[in-house]
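Dock chain B against chain A, hints included.
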Amino acid sequence: MRLDFIVNLIKIPDIGPMQKLTIQKIELPNQKQDDELIQRLYDLGLHPGLEIEVVGSISFGSVTIVQFGSTRIALNKEEFSCLHGR
Amino acid sequence: MSTWALVGSPNSGKTTLYNWLTGSKSKTVNYPGSTVEYNYGPLRSALSDQFNGADLHFVDTPGIYSLQPKSEDELVTHNVLFNTNKRIEKINGVIVVLDATQLSRHLLIARQVIESGYPVVFVLTMKDLVERDGSELQLELFKRELNSHVVLFDGILGAGLKELIQETIEFKNIENFNATNVKAPQWNIDQQTDVIRWAESLNKSTLIKKNKEKSIFTLTNNIDSVLLHPVLGFVCFFVIMTLLFSSIYWLAQPFMDIIDSQFSALARLTTDHISGLPGEFLGAGLISAIGGVVIFIPQIFILSFGIAILEATGYLARVAALIDKPLSMVGLGGRSFVPLLSGFACAIPGIMAARNISSRKERLIAQSVIPFMTCSARLPVYALMISFLYSDVHPILAGFVLTLLYLGGIVVGAIAAHVISIFIEDKSSSRLMMELPLYRRPRMLAILLQALNKSKAFLFKAGPIILVLSIVLWFGTNFPREEVEAGQTLSAAQIAQDSYAAQVGQAIEPVFKPMGVDWRVGFGLISAFAAREVFVSAMALAFNIDTDDEVTRNEGLLKTMKRASFEDGTPIFTTATTIGLFLFFMIALQCTSTVGILKREMGSWKPALLHLFLSNLVAYSVAVVAVSVLKFLGY
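Protein sequences, first through last, are from chains A and B.
Count along the first sequence from 1, add 1366, and you get the number used in this note's numbering.
Count along the second sequence from 1, add 1, and you get the number used in this note's numbering.
Just chain A, same shape as in the assembly (with noise of 0.2 angstroms):
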């Protein structure tokens, strides 16, 4: 409760709301390849078909932080780049 309050004091309302996105594809952008970024992403739980959210973004715009069932996990421009959805 006290943590609550401290958080609700000083925090600035730029990591949310959080935007919901279902993956439909995931790929390079521009018919770029790398097999095993994409594999990785796949490894790490991600797929077409499968709802994110995306909690917001860090390191000056960089990094992207996506949450999906309980795990929640930070991606760089790159990797975000390739889960397209809406």
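Simulated from the structure, these hints should not be mistaken for lab results.
Heads up, the beta-carbon is just placed ideally off N, CA and C, and yes, glycines get one too.
There's no promise every hint is true.
[Unchecked claim] Stretch by stretch, here's where chain B covers chain A in the computed footprint (C-beta under 8 angstroms, at least three residues): (1) 1407 to 1413; (2) 1419 to 1426; (3) 1432 to 1439; (4) 1442 to 1452.
Chain B in isolation, oriented as in the chain A frame:
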């Protein structure tokens, strides 16, 4: 005998289970990718006795996201399971460790191990988190779906351990299992998507949310909204790091004073009660030299303790994401952060931790710049020099000077990273893909033990070298002695004048003169190649030769340093020469163990020796230029 490999995703609790099984004290942290080498050990004898002397062995492996390796640490796990030439023991079975709160992802590994052909036992960890989340695990259904042995394990209390041992013992003919037919499944994207969907469905049916009011993510979300905030996140990061590095100085000071006075008293007592050469050697030589190392234990302890707390809470994974962009500007990435931070304690685990970086270029740059981070062995040197320059100022200001020196190491590392990145031809882009674990309350006892172990390792690494060095130095600075008539004695200065050390020192002095120092400091710098922290002890021993002060504790050394001068009377230690020494230690790679580990991790002597040669050349040149300029300016 049967050997079981512990396999699972990063941060699933493998090392905690391994420690419970073997009694090992391997470090467990809340950061994905903390284990980069495998550990091997037998079942604890107390547990073995309870199971009629069961002969079980376990291998703790680095966390993996897939049995198709994509980084050096994942390759270690792959080799343990599938490369008979690169493992120490035949593997009879696999214990797959699954975080119960992350089942939909971790079941991917479970399915891969089942398909590999290995006998499998599944262990579900983080049961307490499932309960705190208001969920319930349908264990029987889970067992039926996997058609395998499944054990619930509590990493805090150890509940489920005996059941797991029983399961491994009951495996029929496990000793005769032929591991030559096992192989890692190679799935295409479609096959993998099918497995992920199966895992999600199994997770949904076996993990039932009973209480929607409860959530383990509330605390994590709240903390993240501050610590990952675009502005506040950086402010918190700098405050936390400044507190950590400045506390090394001001928090440790009272404890250092106690150690200092105790060793001084012991040295004085020894020289008073043991007459002649043995008393001189034990008191003024050996005890003072050992005291010169023990005195830094409080600082090493505070540094290790602070880093361990940050690791255990889960904060470090956030920092890695937060500073990905700034690090990318010098050819590194967020994943380099934890190896770099580990380098502040010791370069060796830091260089090994870089295996977690999948990009080859980024890994090579990180491994090259980690030796520039201010490791704990540099700390005694900096502390001595800061005491010399700022003996009369408030400890908090001295703490900030130390923080500046730490920042200096980072700046040197950043410049080096930028230069190295120009010479490495590799177009592969940097990878972050950093899992952000839940924040957890650190287990203080475990962290205290970790910090104590680090301090002990520091002491025992430097101890034997100092012992040998003190014998050599004492002999070198006290012999040969002129024969004198009965009743007469030679002063320490008279003995020193013609000693072996003085003869060798005068020969090497021209090399160190441009740095503004004499042969005694040069001797300390050369001794530091054995271990940097030896510099302080070597200085204590070398400067003792022309002082009547029998107490060679730090205070005595500082007094001697202030009096020390060249033959023409100009002082040796000035602001210019002290800053020159700071710069030399900041840049030079001196630790021979680090050179060895660089060779191992980079796969060749060439880059390791090049690093040794170039860093020392640059360190020497920078120190000489800085001393000349500062002297010209009147410092």
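| field | Those earlier numbered hints the structure runs against, lowest number first | value | Hints that this structure does not satisfy do not exist here, as all of them hold.
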